[in-house]
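Engineer: Residues per chain are reported as follows:
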Amino acid sequence: MSDLALWGLFLAVGMGTFAMRLSFVELYGRLRIPALLRRALLYVPASVLAALVLPAVVYPNGQSEFVLSNPQIPAAIIAAWVAWQTRNTVLTLAVGMGALWLFKFLGV
Amino acid sequence: MSYQTGREAFMQGVRALLPLIPGVVPFGLLTGVMAINLGLSPGTTMGMTLLFYSGSAQMVALQLLHTGIVPVAIVATALVINLRFIMYSASLAPHLHHLPRRWTWPMSYMLSDQSYALCSLKLSSGELGKFAHHYYAGTAVAMWLSWQLSVLAGVYLGASIPETWSLSFAIPLSFLALLVPGIRSAASLGAASVGGLLAVFAVDMPYNLGLVTASIGGVMAGLLIERLRKSPLRDAQPHDVERETP
Numbered sequence: 000m001s002d003l004a005l006w007g008l009f010l011a012v013g014m015g016t017f018a019m020r021l022s023f024v025e026l027y028g029r030l031r032i033p034a035l036l037r038r039a040l041l042y043v044p045a046s047v048l049a050a051l052v053l054p055a056v057v058y059p060n061g062q063s064e065f066v067l068s069n070p071q072i073p074a075a076i077i078a079a080w081v082a083w084q085t086r087n088t089v090l091t092l093a094v095g096m097g098a099l100w101l102f103k104f105l106g107v
Numbered sequence: 000m001s002y003q004t005g006r007e008a009f010m011q012g013v014r015a016l017l018p019l020i021p022g023v024v025p026f027g028l029l030t031g032v033m034a035i036n037l038g039l040s041p042g043t044t045m046g047m048t049l050l051f052y053s054g055s056a057q058m059v060a061l062q063l064l065h066t067g068i069v070p071v072a073i074v075a076t077a078l079v080i081n082l083r084f085i086m087y088s089a090s091l092a093p094h095l096h097h098l099p100r101r102w103t104w105p106m107s108y109m110l111s112d113q114s115y116a117l118c119s120l121k122l123s124s125g126e127l128g129k130f131a132h133h134y135y136a137g138t139a140v141a142m143w144l145s146w147q148l149s150v151l152a153g154v155y156l157g158a159s160i161p162e163t164w165s166l167s168f169a170i171p172l173s174f175l176a177l178l179v180p181g182i183r184s185a186a187s188l189g190a191a192s193v194g195g196l197l198a199v200f201a202v203d204m205p206y207n208l209g210l211v212t213a214s215i216g217g218v219m220a221g222l223l224i225e226r227l228r229k230s231p232l233r234d235a236q237p238h239d240v241e242r243e244t245p
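Protein sequence lines, in the order shown, are assigned to chains A and B.
Position one of the first sequence corresponds to residue 0 (numbering that gives the first Met the number 0), numbered consecutively onward.
Position one of the second sequence corresponds to residue 0 (numbering that gives the first Met the number 0), numbered consecutively onward.
Source of the hints: derived by calculation from the structure; they are not laboratory data.
Incorrect hints may appear among the rest.
Claimed, not checked - Some chain B residues near chain A, calculated using beta-carbon distances under 10 Å:
#	residue
1	Leu19
2	Asn36
3	Gln57
4	Pro70
5	Val71
6	Pro93
7	Thr103
8	Leu110
9	Ala152
10	Pro171
11	Leu172
12	Phe174
13	Ile182
14	Ser187
15	Gly189
16	Val218
As the list claims (entries may be wrong) - Here are some chain A residues the structure puts well away from chain B; computed CB gaps all over 12 Å:
#	residue
17	Leu30
18	Ser68
19	Leu105
All values derive from a computational prediction rather than experimental measurement.
The beta carbon of each residue, even a glycine, is placed where N, CA and C say it ideally should be.
Isolated chain B (complex conformation) (with noise of 0.2 Å):
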């Protein structure tokens, strides 16, 4: 659908994002919780939230740090789990770059992996109409509130939720039900096949390479099949659409 007014694109997209909150509250609230059990004071807590914006960025930061690692090795860490961040601004540059600065500067730093999954499709497809960057502005700024609120929200009322619950399920799960309605083609449930395994089988990789290996994996796997399937079928397509003209 095509959006008369920015304002109208951004309340969609703020819209789209709603139900993925109940996925990441719960992860907000862990990490606040773990950064104030560590020792860290509210304000360092926040103040780190705020700087890295990457959820399993600053999980793995806050174990490190407990474990007394040299921090050079916790910066490259964390980073290597960021790499994933410079995949999605290639694949979001073309229908951003041409805005001003005071647009691309902060949709980059609220760039995260639900307002990617969120938009990807709908950016590509041109379904948006010319305010697509409010839409994904609305994503993008309503994730980020929802992240920093819950941190806090985990800070102070220290909220250590019961094991038993088992609410960090709630993060694979979130990100399940994005991935399934994703998967449109074989080459696309061949990436995930691939993708997911091999992360399962890398999981003991050092300093997480595991998900950057099984996600380059993946989308590899993803073109092998793309290329498999479109080949012979570039080379029927005129004859056949040619003798089925009725």
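Just chain A, same shape as in the assembly (with noise of 0.2 Å):
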């Protein structure tokens, strides 16, 4: 691909995320936002979060092939059990780090 036609995707693609980034911000009043969408919307944190996560651990390197043998499966649930506790993110990674380190050295 040309240099040209490159940074021509860029921009298209900057400038379209920049457009939904804003879309509602700058339209508000405007762009009406109904009642069951301002509810809708206090379960979009939970829902987009867990659709990330979930996939990324279950399937590792981006296969989607469901793997029993997969140490990122055991070391996510114990980092979700200490971010349930502590509520602390530096910890959640370090322990669900250390979690994942171990368990693939113990050859779980």
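Starting from the two chains in their separate frames, assemble the complex, guided by the hints.
Structural biologist: What follows is the structure, encoded as structure tokens:
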């Protein structure tokens, strides 16, 4: 691909993404949010975050195949427990990575 | 808590983001390394990073560039992955729309999963007071700088992180650390469970539509549970309160 086409592609994605990020902030009042949508938005973070986390844990390395001997699953369960108990991001990351390395080392 | 000055709120926002940086840096490094390995120049890579400011869309675009798909399909795929920003925008709009454009445009450009996750609950509860947008700006600017600098580090250090470190696992872990404390009701637990499970089963859907489908399914599950739990409760409440008042 030529450099010009490449930059055109980047610019198109950049402008499109900016338009989506700005959409409701800019058009607030004119773009009215229905009551149902407002309530629905309460559940967006939980739903999207879970939809990002679970496939990344269950399918390591971007494969779409379930592997039973996947050390990421027990490591994520332990990390979720730490997150629930402590609400501490750094501790969750440290324990989660530590658990993954331990399970890999033990060959579980 | 409510802040006395905009500066104080901004700095608290920056501090709130700091614990998320260890989850961001490996992803940024990987993105930088990957772009260089695919033959992009350092300047092109940083231009792409500035324009996209979206790690997952950038990763997917790099992969598609490598396979030589038509540019229109790459643009479409990257934008579909970023559809969630419309939902974030609608969620933040009530708290940001009254500001002048010199605020809203840069703050919208810097909208990310991380600063949204940090701010959405605090903004809607009103606990941040009148300098709430300074707090949001603190998280947004700190996140933007961490991302740009970690991609830059990936580009220049050429740091190919050893595969055996499995550092990519830090990305789902950082989302997990945001997700779990946010679950405060049966409805949000339902939204998370359904969203997560649908995403696992829909992983083979084309154009990364699985993420959007799963998110919508999770939100619908949350609404349904809220409705099931609230409607009998709302009818019963007045009587119960009267009876229980000593």
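Engineer: Work down the list of hints and note, for each, if the structure agrees.
Structural biologist: Hint check results:
1. Leu19: 6 Å, holds
2. Asn36: At about 16 Å, which exceeds the 10 Å cut-off, the nearest Cβ of chain A leaves the hint on asparagine 36 of chain B violated.
3. Gln57: 9 Å, holds
4. Pro70: 5 Å, holds
5. Val71: 9 Å, holds
6. Pro93: With Cβ-Cβ at 7 Å, under 10 Å, it holds.
7. Thr103: At about 5 Å, which falls below the 10 Å cut-off, the nearest Cβ of chain A leaves the hint on threonine 103 of chain B intact, so it holds.
8. Leu110: 4 Å, holds
9. Ala152: Status violated, d = 19 Å.
10. Pro171: Holds, about 4 Å.
11. Leu172: Leucine 172 of chain B check passes; min Cβ-Cβ to chain A is 4 Å, inside 10 Å.
12. Phe174: Phenylalanine 174 of chain B check passes; min Cβ-Cβ to chain A is 5 Å, inside 10 Å.
13. Ile182: 6 Å, holds
14. Ser187: 4 Å, holds
15. Gly189: 8 Å, holds
16. Val218: 4 Å, holds
17. Leu30: 8 Å, violated
18. Ser68: Serine 68 of chain A is indeed farther than 12 Å from all Cβ atoms of chain B, at 15 Å.
19. Leu105: Consistent with the label, leucine 105 of chain A stays out of reach of chain B, its closest Cβ about 14 Å off (over 12 Å).
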